[in-house]
Amino acid sequence: MNSFRKEFTTLSITLIAVGIALNLALGTVVLRLGLPLYLDSIGTVLVGALVGPWAGAATGFLSNLVWTLTGLYPQAFAWAGVAAIIGALAGAFGRSGWLNSIGKAALAGLITGVVSAVLSAPIATYVFGGVVGAGTDALVAAFRAAGLDALMSNVAQGTFSDPLDKLVTFVVVWSLLLALPAREKARFGNLPATSKERAPRGATRRPAGKTTQKTTKKTARRR
Amino acid sequence: MPSMRGGTIYVEGRSGLHKLHPLTKLALSGLCFACAAALPGLPWLLGMFVLVLMPLAIWGRITRAFLKACLLVVGPFLLSLAIIQGFFHGGDTVLFQLGRFTYTLEGLMAGLLFAARLLVALGGTLLLMQSTDQAQLMQALTERGFPARIAYVVLTAIQIFPSFQDRAQVIMDAQQARGLELQTGALNRARLLLPMVGPLILGSVMDVSERAMALEARGFSSPAQKTSLHSLADSASQRTLRWLLVAAALGLLAWRVGSALA
Numbered sequence: 001m002n003s004f005r006k007e008f009t010t011l012s013i014t015l016i017a018v019g020i021a022l023n024l025a026l027g028t029v030v031l032r033l034g035l036p037l038y039l040d041s042i043g044t045v046l047v048g049a050l051v052g053p054w055a056g057a058a059t060g061f062l063s064n065l066v067w068t069l070t071g072l073y074p075q076a077f078a079w080a081g082v083a084a085i086i087g088a089l090a091g092a093f094g095r096s097g098w099l100n101s102i103g104k105a106a107l108a109g110l111i112t113g114v115v116s117a118v119l120s121a122p123i124a125t126y127v128f129g130g131v132v133g134a135g136t137d138a139l140v141a142a143f144r145a146a147g148l149d150a151l152m153s154n155v156a157q158g159t160f161s162d163p164l165d166k167l168v169t170f171v172v173v174w175s176l177l178l179a180l181p182a183r184e185k186a187r188f189g190n191l192p193a194t195s196k197e198r199a200p201r202g203a204t205r206r207p208a209g210k211t212t213q214k215t216t217k218k219t220a221r222r223r
Numbered sequence: 224m225p226s227m228r229g230g231t232i233y234v235e236g237r238s239g240l241h242k243l244h245p246l247t248k249l250a251l252s253g254l255c256f257a258c259a260a261a262l263p264g265l266p267w268l269l270g271m272f273v274l275v276l277m278p279l280a281i282w283g284r285i286t287r288a289f290l291k292a293c294l295l296v297v298g299p300f301l302l303s304l305a306i307i308q309g310f311f312h313g314g315d316t317v318l319f320q321l322g323r324f325t326y327t328l329e330g331l332m333a334g335l336l337f338a339a340r341l342l343v344a345l346g347g348t349l350l351l352m353q354s355t356d357q358a359q360l361m362q363a364l365t366e367r368g369f370p371a372r373i374a375y376v377v378l379t380a381i382q383i384f385p386s387f388q389d390r391a392q393v394i395m396d397a398q399q400a401r402g403l404e405l406q407t408g409a410l411n412r413a414r415l416l417l418p419m420v421g422p423l424i425l426g427s428v429m430d431v432s433e434r435a436m437a438l439e440a441r442g443f444s445s446p447a448q449k450t451s452l453h454s455l456a457d458s459a460s461q462r463t464l465r466w467l468l469v470a471a472a473l474g475l476l477a478w479r480v481g482s483a484l485a
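One line per chain: the protein sequences are B and S, in this order.
Using the working numbering, you'd call the opening residue of the first sequence number 1 and step up by one each time.
Using the working numbering, you'd call the opening residue of the second sequence number 224 and step up by one each time.
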């Protein structure tokens, strides 16, 4: 409960709102680039990584609520739970330092993608009759034709497109975190400090070494 | 996605539907969900759409916008469902054959039934969103105890995302003016992603602390009771209507569960 409270300061609530707006803006703009990706969860993963699992979950859940509320994609709310889990996973991966290297970030993306595919499939199958009303339905038809049953076709379709999408999302977030000033990252305090960012001994109150991660969290600006 | 630009599908107006209390319309869309889940057959679902949702849209003078939104949202589902359920649902009445696959009447009807359920559920949501200002809906919810912080997050996101879209467009134009090619293969376009989204995201994250300070200066985290500049019109008859709608929705669901168990 304490960590839950800590993740919802005025600062992080503002970031969550920005994260949701990023999801919506990028989700629509990326469509115009004509890529076979959705990239509608960059904001969710970014907030999760910066602030923590609870904030990431809130960003994912509320993003889908906003998709519904704007009426641009009213069916999105059915997947709000999946989006929340994606955000929570991003928070956990960020906290454990997986987003500090591109290889681990890519792996984290793949894992998240598989989780999201497996969780989304029953929703598509039982709520929407096995389709999502998009081009990927052609894949579902192909898997059905290959003899898979309704649920497995949706799982297969998801594992075909979701891991790639989340991999690109996580790698984009990794590169953003690289470009973001250390000051901005420390403000939110979920990410462990990388060796490059660690201040030299004596320069700040932060001692170097094993305790760095813990004390960074304490000294980061939080109420 | 139906509309690629702009914030919401809300259509401004001063009809009776627009003037209803947001929670009344929310209760109505709740009833639509219950109907979509519980009504037994195609005629009932289409009846619900034609005899309840359509007249309401006509009353709200948003008929064209409503039908267009329904078509854009449910149309792709209808197409996919008609194909996938038609070929793979199974059944005895073969309509035609394509190679080793048979298209059955039972499958087509199953697909249409699913599409009709989606039409009623999503139609109710679309009607609510087209006739209700999100700010008023959130205000109505916060007055009933919905967390104000969540309402803030939702409304802010809705308000700033069109400006983010514009900023993304400006960045894209600027990069193109500097020789970035958009008309290339998929892999090249994927590489363009970062120069495009990078500046947008980094800029907006750096703006966050300023936004937060502005909020704090206005007593955002103050525990005191906040008042609102606008008041929402409500009436006793609407309050009764809301309870009736909620009771009808719950009754329908209970009946469906009961008949499924029996």
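What the hints contain is simulated information worked out from the structure, not anything from laboratory work.
Among the clues, some could well be false.
[What the hints assert, rightly or not] Computed list of chain B residues with no C-beta within reach of chain S, every gap over 10 Å:
1) Gln75
2) Ile102
3) Ala106
4) Arg144
5) Ala150
6) Met152
7) Ala156
8) Ala182
[Unchecked claim] So the derived list for chain S, only partly shown, Cβ under 8 Å to chain B, looks like this:
9) Ile307
10) Phe311
11) Phe387
12) Gln448
13) Leu452
14) Leu455
15) Ser458
Every residue gets a Cβ at the ideal spot worked out from N, C-alpha and C, and that includes glycine.
Hints the structure fails to honour: 1, 4, 5, 12, 13, 14 and 15
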